[in-house]
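Residue numbers (our numbering), protein chains in the order written: chain A, 1 to 113; chain B, 1001 to 1114.
Hints listed in this document are in silico derivations from the structure and should not be mistaken for laboratory results.
Note that this is a predicted model, so its numbers are computed, not measured.
Beta carbons: idealized from backbone N, C-alpha and C, even for Gly.
One should not assume that every hint holds.
As the list claims (entries may be wrong) - Some chain A residues flagged as far from chain B (calculated, every beta-carbon gap over 12 Å):
1) Gly-16
2) Glu-17
3) Asn-22
4) Ala-79
5) Gly-83
Stated by the list, open to error - Stretches of chain A that chain B covers, calculated by requiring three or more beta carbons in the stretch to come under 8 Å of a beta carbon on chain B:
6) 26-36
7) 41-51
8) 102-108
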Amino acid sequence: KQEVTQIPAALSVPEGENLVLNCSFTDSAIYNLQWFRQDPGKGLTSLLLIQSSQREQTSGRLNASLDKSSGRSTLYIAASQPGDSATYLCAVLPYTGGFKTIFGAGTRLFVKA
Amino acid sequence: EPEVTQTPSHQVTQMGQEVILRCVPISNHLYFYWYRQILGQKVEFLVSFYNNEISEKSEIFDDQFSVERPDGSNFTLKIRSTKLEDSAMYFCASRSDRGRNEQFFGPGTRLTVL
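In isolation and in its complexed conformation, chain A is listed as follows:
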């Protein structure tokens, strides 16, 4: 059964720092991995999607990597800003299990001005 774990659960950094959020998954048989942002009480904003054949994706200050064989992904945020404060969710779409996305519990990020 696929499980997704995110470390750390919470992170507080000063503005301007570069930071890395970690995601691990137990079964490497995935179609893709996706990173979402969720503001308190709000919906899911898709940040980056990495296909299983890809190693990384970039969008602005965000870079996500995927190492399928080791079951790991990282989300790198460069030059963090207070507006980056949110919960970041990692989610995988496994080959098995009927195409349902499996989510991690998220990392709560707070960027201090």
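Got chain A sorted already, so can you dock chain B onto it with the hints?
Positioned in the frame of chain A, the structure of chain B alone reads:
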């Protein structure tokens, strides 16, 4: 850019009442999903729907829940007799049968059961 929409954004109901949450998936998508997120917990799968029938459901999706695609554009989740523990954010998602196998998520409906 096409997007999944959901209505209402917030629904408040009394315990025991029926609620219907509505979703309009992206128009050429064929696979539809409902997920829920209880406050402070993980987003979890409820049900998937394809070709006018449920293709998979989780253990959460008991007889109190049903889904329907009534008119070719809407996709609904009905909870027959709401319980306090049904309070959560409910997300609809849809997926094409081609391309990146990406699920597109709606903005969610926050359901509060009093």
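Results for each hint:
no.: 1; hint: Gly-16; in the structure: holds (29 Å)
no.: 2; hint: Glu-17; in the structure: holds (26 Å)
no.: 3; hint: Asn-22; in the structure: holds (16 Å)
no.: 4; hint: Ala-79; in the structure: holds (27 Å)
no.: 5; hint: Gly-83; in the structure: holds (19 Å)
no.: 6; hint: 26-36; in the structure: holds (count 4)
no.: 7; hint: 41-51; in the structure: holds (count 7)
no.: 8; hint: 102-108; in the structure: holds (count 5)
Comparing the model with each numbered hint stated earlier shows that all of them hold.
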